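Peer 1: One line per chain: the protein sequences are A and B, in this order. If you're matching positions, the first sequence starts at 1 in the numbering used here and goes up one per residue. If you're matching positions, the second sequence starts at 1 in the numbering used here and goes up one per residue.
Rather than coming from a laboratory, the hints here were simulated on the basis of the structure. You can trust all of the hints, since none of them are fake.
Calculated cross-link-like contacts (lysine to aspartate or glutamate; reagent style EDC-like; alpha-carbon spacing at most 20 Å):
| # | chain 1 | residue 1 | chain 2 | residue 2 |
| --- | --- | --- | --- | --- |
| 1 | A | 429 | A | 225 |
| 2 | A | 353 | A | 2 |
| 3 | B | 39 | A | 199 |
| 4 | A | 428 | A | 225 |
| 5 | A | 428 | A | 224 |
| 6 | A | 429 | A | 224 |
| 7 | A | 292 | A | 247 |
| 8 | A | 429 | B | 85 |
| 9 | A | 163 | A | 431 |
| 10 | A | 446 | B | 47 |
| 11 | A | 428 | A | 164 |
| 12 | A | 284 | A | 247 |
| 13 | A | 429 | B | 77 |
| 14 | A | 446 | A | 146 |
| 15 | A | 428 | B | 85 |
| 16 | A | 429 | B | 79 |
| 17 | A | 429 | A | 164 |
| 18 | A | 288 | A | 247 |
In this text the structure is predicted, and so the values were computed from the model without any measurement.
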Amino acid sequence: MEDIFNLFHGFAVVIQPFNLLLMVIGIVLGVIVGVLPGLGGANGVAILLPLTFSMSPTSAIIMLSCIYWGALFGGAITSILFNIPGEPWSVATTFDGYPMAQQGRAGEALTAAFTSSFVGALFAVIVITLVAPLVANFALRFGPAEIFSVYFLAFCSFVGLSKEPPFKTVASMMLGFALGAVGLDQVTGQLRLTFGFPELLSGFDFLIAVIGLFGIGEILLTMEEGLAFRGKAAGINPKVVLQTWMELPRYWMVSLRSCLIGCWMGISPAGATPASFMSYGIAKRISKNGKKFGTGQIEGVVAPETAAHAAGTSALLPMISLGVPGSPTAAVLLGGLLIWGLQPGPLLFTEQKDFVWGLIASMYMGNIVGLIVVLTCVPLFAAILRIPFSVIAPIILVFCAIGAYTVHNNTFDIVMMLVFGIAGYFLKKTDYPLAPMVLAIVLGDKAEESFRQALLASQGGLGVFFENALVSTIMALGFIALFWPIIQGGWNWLRGTQDGVTAA
Amino acid sequence: MNQNAKATGGTGPSHRSVEIGVIGVVALLGLIAIVGSLKVGIGWGAEGPRAGFFPFYCGLIVVIASAVNLVNALRAENDGSLFAEWGQLRQVMSVVIPTAIYVFAIPYLGIYVCSAILIAGFMIWLGRYPVHTAVAVALAMPIVTFLMFEIWFLVPLPKGPLESMLGY
Chain A
1 MEDIFNLFHG FAVVIQPFNL LLMVIGIVLG VIVGVLPGLG GANGVAILLP
51 LTFSMSPTSA IIMLSCIYWG ALFGGAITSI LFNIPGEPWS VATTFDGYPM
101 AQQGRAGEAL TAAFTSSFVG ALFAVIVITL VAPLVANFAL RFGPAEIFSV
151 YFLAFCSFVG LSKEPPFKTV ASMMLGFALG AVGLDQVTGQ LRLTFGFPEL
201 LSGFDFLIAV IGLFGIGEIL LTMEEGLAFR GKAAGINPKV VLQTWMELPR
251 YWMVSLRSCL IGCWMGISPA GATPASFMSY GIAKRISKNG KKFGTGQIEG
301 VVAPETAAHA AGTSALLPMI SLGVPGSPTA AVLLGGLLIW GLQPGPLLFT
351 EQKDFVWGLI ASMYMGNIVG LIVVLTCVPL FAAILRIPFS VIAPIILVFC
401 AIGAYTVHNN TFDIVMMLVF GIAGYFLKKT DYPLAPMVLA IVLGDKAEES
451 FRQALLASQG GLGVFFENAL VSTIMALGFI ALFWPIIQGG WNWLRGTQDG
501 VTAA
Chain B
1 MNQNAKATGG TGPSHRSVEI GVIGVVALLG LIAIVGSLKV GIGWGAEGPR
51 AGFFPFYCGL IVVIASAVNL VNALRAENDG SLFAEWGQLR QVMSVVIPTA
101 IYVFAIPYLG IYVCSAILIA GFMIWLGRYP VHTAVAVALA MPIVTFLMFE
151 IWFLVPLPKG PLESMLGY
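Take these sequences, add in the hints, and give me the full structure.
Peer 2: Here is the structure:
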């Protein structure tokens, strides 16, 4: 009951005119960020983070989370109209969205995409409202060993669930931890890995890494692919919207299934991209019209968009309740919390009630505002993509540089941004996943601290991670996630031989 | 992939050699982490595990994982696929080089002047825009940025001689 009271209090905070204004600004900036290639949710939020330094944390998180919602919506616009996914999670939307646009049904596809996104996000927010306080409450009892086991589980899930080769994921992740360790050691106050360079004293900031890896790296990839945007006209009017809305309830099963897939994938740090593919794949297999998928089926738009939004939104659940972000963008938001002087983790729910419930309320409001904004302004956003890349690219570069500088008011960070950018280009092209690296840089300090505290308490015995039922269960889940490719391979092999035996 | 490369007739560095190069760099960074950790001590000190304990094992895992990646890369059949064509790499360099100059010039000229030059240069050389259009965009963008950051949000950005001449 108290939670509902708190939620209403949150709504009261959110509907203050200033916060509503920030919400609209955030959504519009977010959609622009989502539409432009080379600017994604994570680095869009990272670049705009400095603008919020002078705001109250609640206003700041409202604006930043709205940028995130906007980016999630924006990805669909380019997928459907231009067959260019603005974001990786909208790749699956192009499969049926673009054919629909080619048949002159762009309005229908866009409406379906936005509405499904909204449904997915709403489902995930309701899950967050109900589950996050319970998780946080439960997590209050966690000691260092349990906290480390949660980090362990989060990182192992990357290895098991990502589609990149597992050893590349491991290398990328551990490199992230090593980069995060550079500078002052939090526990002993000793300098490490600086090799006498004064620039390295404060370590590598993950915001610089995000802007470089995702922003600059993405621009370089876009340059390589050449730049010809030939889009379909965005015809969207109230009649089409209403017609599509009448049709959509028929696909409630697809929606519900996609919501569940999305939430599951979002909470485990697999993220929105695999969620959208998985949801599309399952919808294709189950649907009566499965064979027609890829030729412009509305279900083929509903499934990936719902799942992507549900995953993108529910990625915030572990962030606010445990302090473990489920996606790079959630990690940037977590970085924001640290900058505003808030301690992410279960204590947030007891010590920063206004902030947490303001954030949750803004998720409800932000998605409603977002739906209205995107439905009314599609042609405007589509026009942005018609601006040639030779104009957009330098402007994005300038904003990346500004974003990198303002993190610590340090021009050396801009140089580091370029280094990360070039590294990101090569890593991405050779199949190293970047998200685990970024998350490792953010969480490195905390994971290390809990690991060392746990070892200190046990005088160095690793048994502390298997001391009680709770911590051993989480660790065991982590190991299952870590070795999932092998387990799956073994299972297939067993089944394969069995089939072979029966066939013989 | 192989047929693709043949069909377009492009040449460029092979995917395999770049991949091995990337593995080498990643492993080298892992080694640096190991060396740095050994310097501060990886054992057990008065206050528990010492500062190098955690990064040492991270570095070690990076090196081991890179070894596995190397074996995988060498064992994979060399299908002759390209990392990118030279033409594509030239495109990429046409962004990297101006950006590098931009990044190193910022401490001296300030971000506004550098940004104006970067945008104008991009539009004129890569976009083949008429000079007056390019100059208009290149001037408008830093001015808007200046108003937004310095005046509205009160976030100071690096400034150079031009701004100090104007009294900022």
